[in-house]
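Using the sequences plus the hints, can you model the full thing?
Residue numbers for the sequence shown follow the numbering used here, beginning at 1 and rising by one.
Just so you know, these hints were derived from the structure itself, not from any lab. A couple of the hints might just be wrong.
[Unchecked claim] Using 27 Å as the maximum straight-line C-alpha spacing, the simulated DSS-like pairs for lysine-lysine come out as follows: (1) K64 with K10; (2) K66 with K144; (3) K34 with K64; (4) K67 with K48; (5) K67 with K149; (6) K9 with K55; (7) K15 with K64; (8) K34 with K9; (9) K55 with K66; (10) K48 with K12; (11) K12 with K55; (12) K22 with K48; (13) K9 with K66; (14) K67 with K144; (15) K55 with K22; (16) K66 with K149; (17) K34 with K48.
[What the hints assert, rightly or not] Now the in silico label distances, taken between C-beta atoms and shown as ranges: (18) S166 with L74: 50 to 60 Å; (19) A46 with G18: 12 to 22 Å; (20) D73 with R53: 15 to 25 Å.
Here a beta-carbon is modelled for each residue, glycine too, at the ideal position from N, C-alpha and C.
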Amino acid sequence: MGNTIGKSKKAKIMKIDGETFKVKTPTTSNEVVKNYPNHVLLDSQAVKHFGLRAKPLEPNQELKPKKIYFLVDLPKIEPENEKTSLPRRVRSSGIRNVDAKGRLELLMLSKRSVSDISLVKPPSNLGFDRPFDGSMRVKMRLPKAQLEKLMEESNDGSEVAEKIMSLYMGGGGDAAEHDSDVLRQNRKPRGKRVSFSPMEIEESPVEAAPQ
Numbered sequence: 001m002g003n004t005i006g007k008s009k010k011a012k013i014m015k016i017d018g019e020t021f022k023v024k025t026p027t028t029s030n031e032v033v034k035n036y037p038n039h040v041l042l043d044s045q046a047v048k049h050f051g052l053r054a055k056p057l058e059p060n061q062e063l064k065p066k067k068i069y070f071l072v073d074l075p076k077i078e079p080e081n082e083k084t085s086l087p088r089r090v091r092s093s094g095i096r097n098v099d100a101k102g103r104l105e106l107l108m109l110s111k112r113s114v115s116d117i118s119l120v121k122p123p124s125n126l127g128f129d130r131p132f133d134g135s136m137r138v139k140m141r142l143p144k145a146q147l148e149k150l151m152e153e154s155n156d157g158s159e160v161a162e163k164i165m166s167l168y169m170g171g172g173g174d175a176a177e178h179d180s181d182v183l184r185q186n187r188k189p190r191g192k193r194v195s196f197s198p199m200e201i202e203e204s205p206v207e208a209a210p211q
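Below you can see the structure in the form of structure tokens.
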């Protein structure tokens, strides 16, 4: 019984590569990470419940015996502008039924993906003809005959523009069929080409009938 009382209790530390070691308690988080620059300690239970939101242990926070802690190197994420920042999605329910090593690997993969996203800048021009005010420029082709007809039936340029927009907004099927009819009317029919090939006519001698 004396051996049981005198036995020291230890905390278990797990690295990202799966290597584990134990430290005697009482001890602090700073004592563990002082030999590992840019590393922090995470409580395995906090990672289980909060995922990426798990808060690292404070430097003076004491480690509890018979508990598992993760020793990880968290990437530094540069601050982003509000316009280019991406929403941060947290999923913690998917790692509740995973063991300690699996939770550590998922945590590091998630941290790495967030770091990679922060380094990616969206392209400034995607090839669209779009002004800065958010509107979009649409190009529409009309036959010359149809455009002249719209100009004759309209009083001014604004009325012509309204009629063109009504053609565009009225549905592509009808407008396309109307355009094709106008094109058929304006298109000159092409006659069939007939070619003649010269034929050789052989003359046969004509014999005179005997008188």
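Now the hints, each set against the structure:
no., hint, verdict
1, K64 with K10, "holds, 8 Å"
2, K66 with K144, "violated, 85 Å"
3, K34 with K64, "holds, 18 Å"
4, K67 with K48, "holds, 13 Å"
5, K67 with K149, "violated, 85 Å"
6, K9 with K55, "holds, 24 Å"
7, K15 with K64, "holds, 18 Å"
8, K34 with K9, "holds, 21 Å"
9, K55 with K66, "holds, 20 Å"
10, K48 with K12, "holds, 16 Å"
11, K12 with K55, "holds, 18 Å"
12, K22 with K48, "holds, 21 Å"
13, K9 with K66, "holds, 7 Å"
14, K67 with K144, "violated, 82 Å"
15, K55 with K22, "holds, 21 Å"
16, K66 with K149, "violated, 88 Å"
17, K34 with K48, "holds, 25 Å"
18, S166 with L74: 50 to 60 Å, "holds, 59 Å"
19, A46 with G18: 12 to 22 Å, "holds, 20 Å"
20, D73 with R53: 15 to 25 Å, "holds, 18 Å"
Checked against the numbered hints above, the structure breaks hints 2, 5, 14, 16 and satisfies the rest.
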